[in-house]
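S.K.: Chains as they are written, first to last, in the UniProt record's numbering: chain A, 1 to 280; chain B, 1 to 305.
Derived by calculation from the structure, the hints in this document are not laboratory data.
Honestly, I wouldn't trust all of these hints.
[What the hints assert, rightly or not] With a straight-line cut-off of 27 Å between C-alpha atoms, the simulated BS3-like cross-links for lysine-lysine are:
1. A:Lys122 x B:Lys204
2. A:Lys122 x A:Lys155
3. A:Lys30 x A:Lys239
4. A:Lys155 x B:Lys204
5. A:Lys155 x A:Lys239
6. A:Lys206 x A:Lys122
Now for the letters of each chain:
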Amino acid sequence: MTQAATQASTPAPAEPVVRVEGLRKRYGDKLALDGVDLEVHEQEVVAVLGPSGSGKSTLVRCIHQLETIEGGAIHLDGELLGYEAHRGGYRTLSENRVCVQRRRMGMVFQQFNLFPHWTVLKNIAEPAMSVHGQSRRQAEERARDLLDRVGLADKADVHPRHLSGGQQQRVAIARAVATRPRVVLFDEPTSALDPELVGEVLKVMKDLAETGMTMVVVTHEMEFARDVATRCVFMADGKVVEEAPSDQFFSAPRSERLRSFLSRYSGERRSPTDLEKVSS
Amino acid sequence: MAVDTALANPTTARPDAAIARPRFRPGRLAAVVVLVAATVLVLVWAATNPRFEWGVVGDLMFDPSVMAGLGMTLLLTVVCMALGTALGTAAAAGQLSDFGPVRWSCQIYVGLLRGVPPLVQLIFWFNLAYLVPRLSIGLPGADPVASWSVNELITPLTAAIIGLSLHESAYMAEIIRAGIMSVDSGQRDAARAMGYSRHQTFWKIVVPQAMRVIVPPSGSQFIALLKGTSLVSVITLTDLLYSVQIIYGRTYQVVPLLLVAVIWYLIVVTLLTLVQRRIERRLGRGYDRTTSARVRARSLEGDPA
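My request is simple: use the sequences and hints to build the entire structure.
M.R.: Following this line, the structure appears as structure tokens:
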């Protein structure tokens, strides 16, 4: 197992936060995920890379139970997600139980998906109140603290449409972590952004990683994967082709497919400002 | 460049949109002349033609039976709109269900009620007692717990409420369904991702956003229903139209009494339109201009008046 390298400092190999086994997902005739295995341990930042259509986004959507799955299993802290043992077999969980399981995960979407009819503050604080039963004072205090950390303390009372894409995505990240999830899943968080706004979002994600948050990040940002992620996973055609600690992943790719994928990316220069912002 | 232009055309200063005058448009002037002339002609005709009997119109505007009819029309509109919206919401939710049998039933319900003219429905429900003589509650084979004669239950009022509410519910179902579908699916994903239950997602996230699409055509639907209530005169319910018909049946002053009804309909519809515009502005407030323009355009298209 490749995790052994990154987890060498921890004594006993603890139960991973997320454990995906043989996951299969079909869209019509197309097999989007074809037996995917993945383990994400506490405080790990796993970058999921791969060409478009390789199933990266489907993978995180399945982990968050936004898609039904056709085979395999997903565990969160050892608990089976979406299914329960029943009469010697398994059956789907009730809608309410699935909701309760989802509350332990956060998700950041490519299109931000902030709620446009609520202010920025309410976007972050409302779920904490009506889903997690916190008091308004408690939820709003936490929301303001998070807004401060993503550098948007002065935007608490505006509606999302008045913010730039980068600012909206920073709010979305604050929203996803407001309820202290076990893991935050990022579905191409910078792909819908203008190039000059990518850096500010990656900076917030880097800060979040440094707080020890467990993260799964589907991305095309190679610099982020190399500098921030602890481990990288390369997917193609619905399968995990290769996974390795980030430095090895980029310096010593084993498979031909990953080599050609990486060479295509190193050829096209990303804007150097993004890089500076992330590493600064 | 500025020098070249000045040399070529020495009478003008540097080109500047600020000093440009709008063009004279003769077609528009002609249109104004024609419209003013037509308006004056109609007003003169209406004022000088003795057959309009404006005196009678004035005398009967606030006649107690006309007022009672107006009250019935308004009551019927409000009650049927409320019932129609409630039933329509259920039918819309059913049509969007991922459970086939519920979805198909709701599609058939909407299809049937939208396909039958409201006038036909009113007469049908008024004659329900012919098909179903008694309405009973109880288990089959056992003595009924309660039982009513349908002939007594179905009065002109109940038949009107049933017929118009069902008709309205089918249209509201389509409006509400379109509103719900207009909400971006990413919003539902995000709500579920935050751990909201199905119920919370619907009421906290989907409905508030769907309202901007639902309200404008609903306002038009309300106005259409108000006018549609005049159909109930065929089952002898004394709404505004039937009240004036009763009076002119006695006095033969058909035109002035129809004018009384027309004026009242116009007053109420105008007031409702003003209220509708206000609500639309409120809902559109803060949203960017392109969206509110789109919603406005949709409300104009949807207006059957």
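S.K.: Would you mind marking each hint as holding or not holding in the structure?
M.R.: These are the hints, each one checked on the structure:
1. A:Lys122 x B:Lys204: 12 Å, holds
2. A:Lys122 x A:Lys155: 11 Å, holds
3. A:Lys30 x A:Lys239: Holds, at about 13 Å.
4. A:Lys155 x B:Lys204: Holds: Lys155 (chain A) and Lys204 (chain B) sit about 22 Å apart, inside 27 Å.
5. A:Lys155 x A:Lys239: Roughly 41 Å separates the two Cα atoms, so the pair is violated.
6. A:Lys206 x A:Lys122: Holds: Lys206 (chain A) and Lys122 (chain A) sit about 25 Å apart, inside 27 Å.
Consistency with the previously given hints fails for number 5 only.
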